[in-house]
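Chemist: Chain by chain, the residues:
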Amino acid sequence: MDVTLDPQHWDDLPDDAEAVVDAWLVVEGAHVDAGQVIARVTLAKSALDVDSPSAGILVRIVVPAGRSFRRGGSIATLRPD
Amino acid sequence: MRLPFIRVVQPRGTVVSLGRSQRHIAVDALPARYRTSGGGAVLAGPWLLKALVVLPRPHGWLDQGPARAAQRFADVHRRWLAAQGIETETYRGPVLDHWACFAGRSPGELLVHDRKITGIAQTWRRRRVLLWSGTLLGGVPWDVLANALSHAPEAERELSTAAVSAQELLFKAPDALGWGQALAAALQGALDPNERATLRS
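From first to last, the protein sequence lines are chains A and B.
Per the numbering used here, the very first residue in the first sequence carries number 1; after that it's consecutive.
Per the numbering used here, the very first residue in the second sequence carries number 1; after that it's consecutive.
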């Protein structure tokens, strides 16, 4: 399962807008709860939380801290319980 | 804290406020604070009028994401500035990052002839959202900001061109207290007429 930033956060922004991952709050291999804040990102001067879409294991961080991503981009892979 | 919470502040001291991605930057000779929100560096001082609004989630201003929330927040500022005799345009282009907030651009921020007068930043958390604004009332000593962050002297000219203050536009110093009270009242009226806004300096 892909972890993405809430699509609503991209509303009204240009198609080429980019968000930056500020910090990961969990490490690869960690178990997370549904709705748990697992990363913090910045988009258009807004500091935003990324919630886990499901309980499970965070298998892989796709976008490390300091790197950017675009609308709909997967920033991590989650294996649901 | 009762929400919505509104506070308008005119800083007395001079402080460099750094955005979330600038935590690695060293600041010389001035105190520094680090924001939870994004954006570039701000030199806070008596030339700046800061507003903070804290909204609960969910809230009508927030239901269409940060860009629309910035727009709603900016609309209140645009009407407030118009009442003071300053007509502004809302920036709707792409995000333009810059090490200094007032030389960057983000949707919802207010410009006068392409020069920024009001910057906006946000912090979204699970239960609440913080909306921040900074409006330039008076001239900013841009050289102080450039020096504090070790930028070349020519940065002062770039910043002076990119930003504009109410004093520069009106050819007189604004009444900061009166302007602050008017902004607090405008935010209060837009959000919740029963909420008490505060003004501090």
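Just so you know, these hints were derived from the structure itself, not from any lab.
One or more of the hints may lead you astray.
[Claimed, not checked] Which residues of chain B face chain A? A partial, calculated answer using Cβ under 10 angstroms: (1) R33; (2) R35; (3) R92; (4) T123; (5) G138; (6) Q181; (7) A182; (8) A185; (9) Q188; (10) D192.
A virtual CB, placed ideally from N, CA and C, is assigned to each residue, including glycine.
Chemist: Work down the list of hints and note, for each, if the structure agrees.
Modeler: Structure-based check of all given hints:
1. Hint status for B:R33 relative to chain A: violated, with the closest Cβ pair at about 15 angstroms, above 10 angstroms.
2. Residue-level restraint check for B:R35 holds (minimum Cβ-Cβ distance to chain A is 8 angstroms; threshold 10 angstroms).
3. Interface restraint check for B:R92: the shortest CB-CB distance to chain A comes to about 9 angstroms, inside 10 angstroms, so the restraint holds.
4. Taken as an interface hint, B:T123 checks out: its beta carbon lies about 4 angstroms from the nearest beta carbon of chain A, inside 10 angstroms.
5. A hinted interface residue such as B:G138 counts as satisfied when its beta carbon comes closer than 10 angstroms to some beta carbon of chain A; here the least separation is about 23 angstroms, so the hint is violated.
6. A least Cβ separation of about 27 angstroms between B:Q181 and chain A goes past the 10 angstroms threshold, and the interface hint is therefore violated.
7. Contact between B:A182 and chain A, as hinted, is not supported at the beta carbon level, the nearest pair being about 25 angstroms apart and thus beyond 10 angstroms.
8. Look at B:A185: its Cβ only gets to about 26 angstroms from chain A, farther than 10 angstroms, so that hint breaks.
9. The interface hint given for B:Q188 is broken, as the beta carbon of that residue sits about 23 angstroms from the closest beta carbon of chain A, more than 10 angstroms.
10. Of the supplied interface hints, the one on B:D192 is violated, with its beta-carbon coming no nearer than about 22 angstroms to a beta-carbon of chain A, more than 10 angstroms.
Hints 1, 5, 6, 7, 8, 9, 10, counting from the list given before, are not met by this structure.
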